[in-house]
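There are 2 protein chains.
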Amino acid sequence: MGLDSAADDKEGDALKPYITMVTLGVTDLERSRKFYCEGLGWTASSASQEAVVFIQAGRVVLGLFSRESLAEDADVSAEGSGFRGITLAHNVGSREEVDAVFDDVRRARATIVKEPQEVFWGGYSGYFADPDGHLWEVAHNPFWPLGDDGSVTLP
Amino acid sequence: MGLDSAADDKEGDALKPYITMVTLGVTDLERSRKFYCEGLGWTASSASQEAVVFIQAGRVVLGLFSRESLAEDADVSAEGSGFRGITLAHNVGSREEVDAVFDDVRRARATIVKEPQEVFWGGYSGYFADPDGHLWEVAHNPFWPLGDDGSVTLP
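So the sequence lines, in the order shown, correspond to chains A and B. Using the numbering used here, the first residue of the first sequence is number 1, and each one after it goes up by one. Using the numbering used here, the first residue of the second sequence is number 1, and each one after it goes up by one.
In isolation and in its complexed conformation, chain A is listed as follows (with noise of 0.2 Å):
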């Protein structure tokens, strides 16, 4: 879409529905590669450079940068602390799949926030953190079809 065709643009035309990119801000990147691709198992993509760790989580990039740099390329202050009011999920099929992840992640040394367990809404899940206290939360949810991508396709 040119400048021409956006100037006659309706209001909400121009921002598709969609997520490129996950970037998860971290204190030592070192660290934080270490835990996804060693620990989880996830693999550093060739287009990962000095300064970032990308990795091709499904249909999205999750993307590994150092805090302040994030802050930094967004202009606001780095300055923050406690609960990030944003959590990350990732649904597997069964309830003992998600017991098997948090066997993954107990042996990847990451912090378990809440083991898993009957929730609410009728689904099963836990959370765990990375090393910077990003959360992750596995869950079950069997009123949720899941694609073999790990997606869901909501009606």
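No lab work stands behind these hints, which were simulated from the structure alone. You can trust all of the hints, since none of them are fake.
The calculated BS3-like cross-link candidates involving lysine-lysine, where the alpha carbons are at most 25 Å apart (straight line), are: (1) A:34 x B:16; (2) A:114 x A:34; (3) B:34 x B:114; (4) B:114 x A:16; (5) A:16 x B:34; (6) B:16 x A:114.
Where chain A lies over chain B, by a calculated footprint (3+ residues, C-beta under 8 Å): (7) 18-24; (8) 38-49; (9) 61-74; (10) 82-94; (11) 103-113.
Ideal Cβ placement from N, Cα and C applies to all residues, glycine included.
Assemble the complex: chain A is given as a structure, and chain B must be docked to it using the hints.
Chain B in isolation, oriented as in the chain A frame:
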């Protein structure tokens, strides 16, 4: 995968690299629904409920949920402020599209955090914040071919 096979798992085997959902904790669910669905023109799934809005964002589900409830779900304190150390990126196919998205975002009364500009890595990007300060980067990365669904496939 059942419990028996889980017992034989090697490290990192059970946790496949993908993100099913990104959940944003929000202080006013209706304000956030309006921002994303009326302002940006995205569609709330019929799977949404009174206390949660689900939006199909490409192959990821974007969830909007009370910040307090999200903290409670993760069994952590909701205390926290400042930079969250995590950003979401929305890549588009050209600089002109970045500008067009920013026109939309301005109309949706988002906070413009960083006007679109050339960035050191050879792309063109800017940042806006949603009503709760969650940071979205809108970027053109000429080195990353973009799929129709807004996804990138890394080498």
